[in-house]
Amino acid sequence: MVTKSSKNETNAERLAKEQKAISVSQFFERNRHLLGFDNPLKALSTTIKELVDNALDACQEITVLPEILVQIQEKDKKNGRYVIIVEDNGPGIVKEQIPKVFAKLLYGSKFSKMKQSRGQQGIGVSASVLYGQLTTGKSSKITSKTGKNKPAHFYELHIDINHNEPEIIQDKIIEWSVKDHGTRVEIELEGKYQRGRLSVEEYVRQTAISNPHAQITFIAPDNEVTKYKRVTEVLPKEPKEIKPHPYGVELGVLIRMFKATKAKTLQHFFTTEFSRVSPQVVKEICKKSGVPPTTKTQTINHQEASKIFEAIKSTKIMAPPTNCLSPITEEILLKGLKKEVSAEFYTSTTRPPTVYRGMPFQIECGFAYGGDLKADELAKVMRFANRVPLQYMQSACAISKSTLQTAWKNYGLSQSKGALPSAPIVIAVHIASVWVPFTSESKEAIAHYPEIIKEIKLAIQECGRKLGVYLRRKKRDAETERKKSYIIKYIPHVGDALQEILEITDTQKEKVQKLLKAKFESPPEEQK
Amino acid sequence: MTPKKTTKKLDKVSKDTINLIDGSAKDTYEKIIKNKTPEMNFPIRSLSNVKYDPKKGFFELLGKLKTRTLNVNTIKAFAQTLRMMKLSKDLISAEDIATKREAYYVSKNWGDARFKEQPESDTVMDDIEAMFGVNREKLGFIPEEKGGAVAGKLVVVDKDKDSGKEIKIDCTKFGSGAYSVPTSVEHLKFETKAKFILAIETSGMFERLNKHGYWKKANCILISMGGVPTRACRRFIRRLSDEKKIPVYAFCDGDMYAFFNIYRTLKVGSGNAAHLNEYFCVPKARFIGITPQDIVDYKLPTHPLKDIDVKRAKDALKNDPFVKQHKAWQKAIQQQVKSGQRAEQQALAKWGLNYVMDKYLPDKLKSDKTWLP
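First to last, the sequence lines map onto chains A and B. Here the numbering used here runs 432 ahead of the position in the first sequence, where the first position is 1. Here the numbering used here runs 1285 ahead of the position in the second sequence, where the first position is 1.
Don't take each hint at face value.
Claimed, not checked - What follows is a set of in silico ranges between Cβ atoms, one per label pair, in the way DEER data are often shown:
#, chain 1, residue 1, chain 2, residue 2, range
1, A, LYS841, B, THR1354, 28 to 34 Å
2, B, ASP1592, A, ARG789, 52 to 58 Å
3, B, ASP1381, A, GLU935, 17 to 23 Å
4, B, GLY1512, A, GLU935, 40 to 46 Å
5, A, ILE920, B, THR1354, 19 to 25 Å
6, A, ILE920, B, GLU1429, 30 to 36 Å
7, B, THR1352, A, ILE920, 21 to 27 Å
8, B, GLN1620, A, ILE920, 39 to 45 Å
9, B, ILE1318, A, ILE920, 18 to 24 Å
10, A, ASN842, B, ASP1592, 30 to 36 Å
Stated by the list, open to error - Here are a few chain B residues that face chain A, going by a calculated C-beta distance under 10 Å:
#, residue
11, ALA1310
12, THR1313
13, ASP1375
14, VAL1440
15, VAL1442
16, ASP1445
Since the hints were made in silico from the structure, they are not lab data. Being a predicted model, the structure only gives us computed values, none of them experimental. Even for Gly, the Cβ is constructed at its ideal location relative to N, Cα and C.
Could you build the full structure based on these sequences and the hints that come with them?
In structure tokens:
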């Protein structure tokens, strides 16, 4: 409804003056909780998490064994001021890119790629820089070096919030001879440091479990140094980038792809932009949608796009390739658990890759049971997505749901209805995927896709069966042990009583005891 | 325990019992030496292993046996049974006795084979008793509990332990007290002209009837069972009624516990000690009250039946061989379950403290029509 105002200006015109594009940075300023900066405690751990994820991804890209330093310095405990330092031995970043990578939101190489990686949106690192800037007014310091004989560049960066552009405070070449290549990031921010389940320590420890090929040094605010040792020299298989599968593409994305493609015709578009689309499949899609394969991609209108989209859904297309995934692997996950969790029994499994909504994914599961773990507590669930530990929003996660829905009694653990099993056990579940479906941008919980939940349950069940076998054997051994002690305890009493009643000789008594002992120690099938 | 060799000549019963113990131990010993597996057989001690023939009047064993084979799981029980048999042999040889509690304490010398709690030693004792088909008194064990209290027109003839002289105990001469039934009653003799024996569930009711001299008025003998009658109490009533040919009337609460735990045990014995029932029950006892019909007829104040009472009733209808033989009891139980109410003996006090003596008992004794079998 438009009504005239007194100054001959429509409301719409007046409102139009107030409407303007807001930058992502401005949006973030108001909505920091969406990215995991809800409170000082979480902000600190999110920052470390984003920096470590990037460091590990960077090392992986040049297949170097990661050596990572994580340090938290306390600047002002009363006001909760900390400096976070993360340093890696990755490839480094070329000079020109440094300001954009760290001080421009949504800048990155990973966003549209169909490839398994820790970071996905290119939002995390610059969000941390922005958060630091918002809470302390301080700029972030970046040092990067790309090769042995290359200079090390040092930057002090700010984000121009209104324009989402980097603002360079300082740019110089410094002496940084400790490593041939790598990156060091220092962000000062308002945070809260504490120990426990949601702590930074726990995050680093779990990262060490899912990345046993990394050497991580952690320096706490009290200068206590913890070293997480590398236990395997085997680098994770480099994940391959794949083209999207038609089943995983939404209508809007499809329209965008039509606009962006270099392919001229629909036929060409389908065979070059997607995986698993053969000429035969294109034929079928085109026939069903009534849009000919020779149609120019640039001319496809919304109606045609909708028809094509519907046609895709009803066409049988081979599942996407799954060789693009890089699981931790059964053996390495086992090593990771063994080095960080002190227990008596370990098992792990890697499921074959499968697909949800056109996205390949793979589930892995590992258990650590008994030993130093506390027997009277509920099970601890460790969740990993593309090797990154997930610490928050446990109850909203598909992994937690699958764990709760598993019948643990079948494997010899006690479980109250609707609760985690009550046992000394760590349950680690990893999902590897080119696109992990998180419930929110802060990447804390995995969405409840039935295909994913089913796979997680199968993985848990596989480990569960192995645990069950172990526990039954343990029980049987204890039983045998108990019986043995029983025999030693009570045979002399049978002998004594018989001697006293029948007044037999000591020799006779000893014979009775010897025969009984022999009888009970022989295997059960020989008894009777 | 060192065996006390006695110089006294043992009587035949004692010798027989010792032979049973030696025989059992010898069997076990020989099986072990021959590398065979020793076994002990016990009659199953539960209602599922008894039958009831109203003509005979007591629960008889059906003959189902439980075999305990010596293996890793039973070796403790085996060791304990043998130890207990040895203790019994010592007691018999020395003409001594031990209470069930004392036997339990003796086991504390047995190292790992000792009993943790008395019920464990009681069970082993019951096992041996059942295995040999003798009562525990013959094995030298006596119960802790008193046998019951007696007042009224009766003279009990006992013997003085030292002199062997007869002692005559006049049960009318205890004033407000009573004669206490000993744990062993086989040697007692009786002199009485009483018309009947009244076996009373609660000592409260016994006290009232005794204090007011009901036995004088009714020319009877009052016996307080104090709950479930002990073996000695049952045996005492049985011998007295058999030898003097006097009827026995049970006067209990009107609830399932009184019907099946107290009255039925008095009349036909228990499932647990079925191997002894022939002597330790009173088949001719009759239940004069409180019947479910009495609750209606005398407008007695009641309490609601508990869940466990209803369960007990259903169980009795289904599994109790005694109830299965008696339609009258089945009807009574169904009537009570239907009403959902139970009443205590002392509920009669609603009509005055002495109503029970002045009205209820005289009424009930006039005719057996209102009684239960």
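Fill in: Interface restraint verdict for VAL1440 of chain B against chain A (beta-carbon cut-off 10 Å)
violated, 44 Å
Fill in: Outcome of range test on Cβ distance (ASP1381 of chain B, GLU935 of chain A; 17 to 23 Å)
holds, 19 Å
Fill in: Satisfaction of the hinted span 28 to 34 Å by the C-beta atoms belonging to LYS841 of chain A and THR1354 of chain B
holds, 33 Å
Discussion item. Given a cut of 10 Å on the nearest C-beta pair, is the interface hint for ASP1445 of chain B held or broken against chain A?
Written reply: Given a least distance of 35 Å, the restraint on ASP1445 of chain B is violated.
Worksheet entry | Interface hint compliance - ASP1375 of chain B to chain A, C-beta minimum distance less than 10 Å | holds, 9 Å
Worksheet entry | Assessment of proposed distance window 19 to 25 Å (beta carbons of ILE920 of chain A, THR1354 of chain B) | Since the Cβ atoms of ILE920 of chain A and THR1354 of chain B sit about 20 Å apart, the hinted range of 19 to 25 Å holds.
Worksheet item: Hint check: is the beta carbon of ALA1310 of chain B less than 10 Å from a beta carbon of chain A?
Response: Given a least distance of 4 Å, the restraint on ALA1310 of chain B holds.
Worksheet item: In this structure, is the beta-carbon distance linking ASP1592 of chain B and ARG789 of chain A contained in 52 to 58 Å?
Response: holds, 56 Å
Discussion item. Given a hint of 39 to 45 Å, does the C-beta separation of GLN1620 of chain B and ILE920 of chain A actually sit inside it?
Written reply: violated, 60 Å
Worksheet item: Does 21 to 27 Å hold as the CB distance between THR1352 of chain B and ILE920 of chain A, or does it fail?
Response: holds, 25 Å
Worksheet entry | Outcome for the supplied range 30 to 36 Å, where the beta carbon pair is ASN842 of chain A and ASP1592 of chain B | holds, 34 Å
Fill in: Hint check, THR1313 of chain B versus chain A [nearest Cβ-Cβ separation less than 10 Å]
For THR1313 of chain B, the interface hint holds, since the closest Cβ of chain A sits about 7 Å away, which is under 10 Å.
The earlier numbered hints that this structure contradicts are 8, 14, 15, 16.
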